[in-house]
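Residue numbers (the working numbering), protein chains in the order written: chain A, 1 to 336; chain B, 1001 to 1336; chain C, 2001 to 2325; chain D, 3001 to 3325.
Simulated from the structure, these hints should not be mistaken for laboratory data. Here a beta-carbon is modelled for each residue, glycine too, at the ideal position from N, C-alpha and C. Incorrect hints may have been included.
Cut-off 20 Å, straight-line C-alpha distance, at most; resulting in silico cross-link-like pairs (EDC-like, lysine to aspartate or glutamate) [what the hints assert, rightly or not]:
hint, chain 1, residue 1, chain 2, residue 2
1, D, Lys3033, A, Asp199
2, B, Lys1208, A, Asp204
3, B, Lys1048, B, Asp1094
Computed footprint of chain A on chain B, listed as stretches where at least three residues anywhere in the stretch have a Cβ under 8 Å from a Cβ of chain A [as the list claims (entries may be wrong)]:
hint, region
4, 1161-1170
5, 1265-1276
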Amino acid sequence: MTHPVLTEPAAAADPVAKDRDALLALFTTMTRIREFELCGARQLATGKLSGTLHLSSGQEAVAAGVCHLLAGTDHVTSTHRGHGHCLAKGAAPDRMMAELFGAGNGYCKGRSGSMHIADPATGLLGANGIVGGGIPMAVGAALSAQVRGTTQVSVTFFGEGATGEGSLHESLNLAALWRLPVVFVCENNGYAELSPVADVLAADSVAKLAAPFGIPARTVDGNDVVEVVGAAREAVERARAGHGPSLLEYVTYRHDGHYVGDAQSYRTKEERAAWAERDPLLRAAERLRALGFDDETLDAVRADATAEMNAAAEWAAAQVPAPASSLTTDVYGGLS
Amino acid sequence: MTHPVLTEPAAAADPVAKDRDALLALFTTMTRIREFELCGARQLATGKLSGTLHLSSGQEAVAAGVCHLLAGTDHVTSTHRGHGHCLAKGAAPDRMMAELFGAGNGYCKGRSGSMHIADPATGLLGANGIVGGGIPMAVGAALSAQVRGTTQVSVTFFGEGATGEGSLHESLNLAALWRLPVVFVCENNGYAELSPVADVLAADSVAKLAAPFGIPARTVDGNDVVEVVGAAREAVERARAGHGPSLLEYVTYRHDGHYVGDAQSYRTKEERAAWAERDPLLRAAERLRALGFDDETLDAVRADATAEMNAAAEWAAAQVPAPASSLTTDVYGGLS
Amino acid sequence: MTVRKYWQAVNDALREELARDERVVIFGEDVAKPGGPFGATRGLREEFGASRVRDTPISEAGIVGAAVGAAMTGLRPIAEIMYFDFITLAMDQLVNQAAKVRYMSGGALSVPMVVRVFCGAGRGSGPQHSQSVESWLGHVPGLRVVAPGDPAEAKALLKGAIRSPDPVIVLDSSRLWTKRGEVPDGDVVAPIGEARIVRPGNDVTIVAWSWALSRSLEAAEKLAAQGISAEVVDPRSLNPLDEKSIMDSLRRTGRLLIVHDAVSTYGPGAEIAALAAGPGFGALRAPVVRLTPPFAPAPFPSHLEQAYYPQPADIETAALSLVRG
Amino acid sequence: MTVRKYWQAVNDALREELARDERVVIFGEDVAKPGGPFGATRGLREEFGASRVRDTPISEAGIVGAAVGAAMTGLRPIAEIMYFDFITLAMDQLVNQAAKVRYMSGGALSVPMVVRVFCGAGRGSGPQHSQSVESWLGHVPGLRVVAPGDPAEAKALLKGAIRSPDPVIVLDSSRLWTKRGEVPDGDVVAPIGEARIVRPGNDVTIVAWSWALSRSLEAAEKLAAQGISAEVVDPRSLNPLDEKSIMDSLRRTGRLLIVHDAVSTYGPGAEIAALAAGPGFGALRAPVVRLTPPFAPAPFPSHLEQAYYPQPADIETAALSLVRG
Ligand SMILES: Cc1ncc(C[n+]2csc(CCOP(=O)(O)OP(=O)(O)O)c2C)c(N)n1
Ligand SMILES: Cc1ncc(C[n+]2csc(CCOP(=O)(O)OP(=O)(O)O)c2C)c(N)n1
Ligand SMILES: [Mg+2]
Ligand SMILES: [Mg+2]
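Could you put the whole structure together from the sequences, leaning on the hints where they help?
Next comes the structure, spelled out in structure tokens:
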């Protein structure tokens, strides 16, 4: 496939478009994600942090918009590019940052790092270093909700690169057969590592992959948070009502490289510039201004988020590093 | 999905419908497959043979019809239910039978048995005990043909149960991306072991699974050898001309259990009886009679096949069992 | 005590655990309506309903992955993999996910799931349906692996596995599947990680599990007739391995013979022999012997299988020459 | 001799083999247009064309399966798996197919393919990108496994692998990826299955490969300063393992220290220790020591990685106490 650009608004805009509080909250979440990523990159640049970071700048509307519709008891599985999902689902930036720093009170006791943040208290079953790895797990969480008779919904985020993995297709089939309350959310950002989607997916769209299994699917502008919420609302409600799975393909773009430091020789400056203009934060800000918010308010949101993330990083840097004694803890839960 | 019954003839019948020689050859191949299976079952029943046999009785038209269009240099991967594919591709029944008997001059030196028969001389890359295991291998064989610049075509046979495996979907995507000369041939016989297809596949049809990848696909009556050839001709020609992969779903039925001895409590006598009436041999015989062949000719084909298979079994039973010394041969080809 | 076949003991354990704990669910290929490809789940769907006992597509990765997610969110899933060989298709979910979730999440999440696996060694099933790859799973921190050697063990270890807070792979033996044995009545749960001495002895320690255990016991019987007293130790759990019990036995006998159905190189016996070469070194009075199939895939015809798997007579001979030097 | 970085030596080998044999093709994730996730295939698509050097989707099972089929039908494919951990997704094709095709077909078919795998141990990549599971592959009859320890080896072993008639997994080390070393000029092909003595010595045999080899050599240097002469043996090939060279060294030194980056239990060192406990028993003068990470997944932060992987000082200490008793 080629990576499409979607700018047509949905036929009927989601009510969130007019909901001042909700939209501001969404903008705030998105801004916090952006600022978390920027702050993380700064820590790397200044040598305070080492390791690999996969930033989700440019894709914030998806994480924020989808999680907007989820309760704390709903489950989410994420990917190597998971900071946004974690924050949107309710994880605390200071403990996330501590995890990046390898500190003992990071979400994973500082042993796992960016790609593995998990927080069951907020329904976050974990970011995942294996492309496609979280998808069957989300199906399992949906099965769990169904068997236990709850109305919990399970969401699995994945990149369009994960369409190459058999696990996605096995999961779609299983979810459809069992009518499970799971929403498959693809963030199609046009690239899997250094390869454009045209080189790795023969399908015209990711949404089409759901069709054979009778799973409703849509391709949606992933850079307009109102569009994101609209499509997700339908899917989450369907799942919650017991009507089975859906797949959402959100077309978006990552502003930065695959990882911090990626030279990005596989794409042009022009392409990046064009997508910068479709930045989800800019577009959300536009919508907010149309609803009467002034720049001062929006700047304050940004300033607060910057401050929050800087504080998180400062706190994290001051925490005690995970002790060597913790190397072998939590491998097992105990003998039977 | 539910297992459909197809009886509508194709719009334009394949020329093979009028080709007396070809049709008789197809009938002969199908009869030889049937007689091989019956003979194998007799060996088991009389205790001359032990182990597991998966018979393909009822599905002969697919193996015969598809392989009718293949040259000896074309490649085929098969399944646990592979006797028909082997015979249709040109394998000799005596060496196949010898393999079932564990004899040293069986196709695999008597060590591997029914599920692993391979014969590179006839392009047969092997039956396979792993559901879905042969599919990516056929993609690889097609890649090989493409890189080497030959017009070889690669065919992978699989049951509808293999749609559950990620390997099928990964293979479809790869074949479509690279426009490989491979034909995906599904024998949809309605059951995967003891489970009806409705319980294991959410899609309406197997053919639909190809659509997302832009791979042309058709659902065809697999019990009418003329229909089988017609659909396969299109697909094989497309592959040979360098226009890429196709998927064919042949609707068929296995007369016998999953394995010899299966009590088949998962299906009714009525269903089996109805499919017995749609037996591919009966229908091929009807077509031959319509072209002027008399019963005597057809009976002679059957009698010859019976005699051939009995002779094969007799020969096989008299062969020297694989010696214990062969346990460790052919594990490696030699040190670099 | 009741006499049960191995598979019936498995069926009993599953039934009792489904009844005891409503979080227990079972899914896999042909396990629900058909009652299991080999009968282990017979009657369970009828008794506990279609929600808790489900047939799946042929999707080993999807099955195990769904079990991981279900286990993380409040269920106690039991997934079935039809043959040990097919675990190859689920290794990512087992090794990168199930095994590591607890560690990666700093203990915040856990994966109390069971994967029941049928090991086809010795039943004429050929090279793709006969493999024993327990050492792969033993090598993975976070997994547990048990291999019951008789009906009572099949029941008690499966119960222990289901109640474990960690992912446990239970290896059932196809060769023992219809073997009968006494099974204690009541809710007997085996601990995971404790070996048992199946037959005490002084001259040589034989370590074996699953089908190889029963062949070793046959050999021990014949050795006794020749005045040689073999101690037969069944580790039962391969991960964790009860090093102490095995080393204690070695300290008593000074000689170690390991018998298994996996191939030798990098196989499970290597770890046991390595323990003897390390902590057990002082006790070792003779070279450790590993008696296993040759380094080749498993053949299908029964006469080759006989030659491939060490038979009781081979075990007897090996033990004799180990003791007599 | 030319000084090359490890990854450049890999790149050189690939280029030379593509030029030498038109049956050689390369495919994997990001290997063609991007020139490889880590640069190993840089420039190869440009030089040899889009037909022979291809990018694939993220489909490890499909990639390895396609390599098997291509190898059976006249090509010499080199498939790349981005991290060793992802081999879990291709185990069916590797173990049930590639490894067994020759045996199952009675020698009629063969699978001359290479799988290049990047092992992330020691680079802060965390629990799902750092695993060393070479013992899994060593346990599979029909596979070969090599682990080059320096640039010259990286080139020569890769060439040996490409020319092997059997499927070979080549384990590249991320930690050695940018290390420089002298690489002999010309077409040097390493045999598969022969260990090399990297540093001769008399007091203790240290067996190590890949990144652990370079740490062991550091330790050996320091041991020498203390008057202890360590013989450092690099098996290079883990399947087959050159038992003879390792046992010969043990016979010379009487003491065996094994260092590796896989966890210990059922790990590769177990096989080497088991050899010492078996055929090497007579030569063994002290317990075999395995120095490895603890039985836990690999952590990501560098301070924990330091504690996780045995460091030169740990190796030195272990060797000292082994020699001094
Ligand atoms: C099974 C597996 N194969 C390969 C990788 C290496 N890898 C990490 S991210 C990535 C690309 C993923 O692309 P996509 O799914 O589109 O997500 P994005 O990075 O664009 O968010 C790859 C190939 C991996 N982590 N896991
Ligand atoms: C990976 C794998 N999983 C499970 C099995 C066990 N098994 C053998 S045949 C079969 C059913 C296959 O059904 P289908 O593909 O429809 O082929 P059919 O038997 O109908 O010809 C199963 C589940 C297997 N051989 N391989
Ligand atoms: Mg992407
Ligand atoms: Mg079928």
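Here is what the structure says about each hint:
1. Distance check on the hinted pair: Lys3033(D) and Asp199(A) sit about 10 Å apart at the alpha-carbon level, within 20 Å; holds.
2. Proximity of Lys1208(B) to Asp204(A) is assessed by CA-CA distance (about 15 Å); at most 20 Å being required, the pair is judged to hold.
3. Proximity of Lys1048(B) to Asp1094(B) is assessed by CA-CA distance (about 15 Å); at most 20 Å being required, the pair is judged to hold.
4. By the rule of at least three residues with a Cβ nearer than 8 Å to a Cβ of chain A, the coverage given for the region 1161-1170 of chain B holds, with 8 such residues.
5. For the region 1265-1276 of chain B, the stated coverage by chain A is not satisfied: 0 residues place a CB nearer than 8 Å to a CB of that chain, which falls below the threshold of 3.
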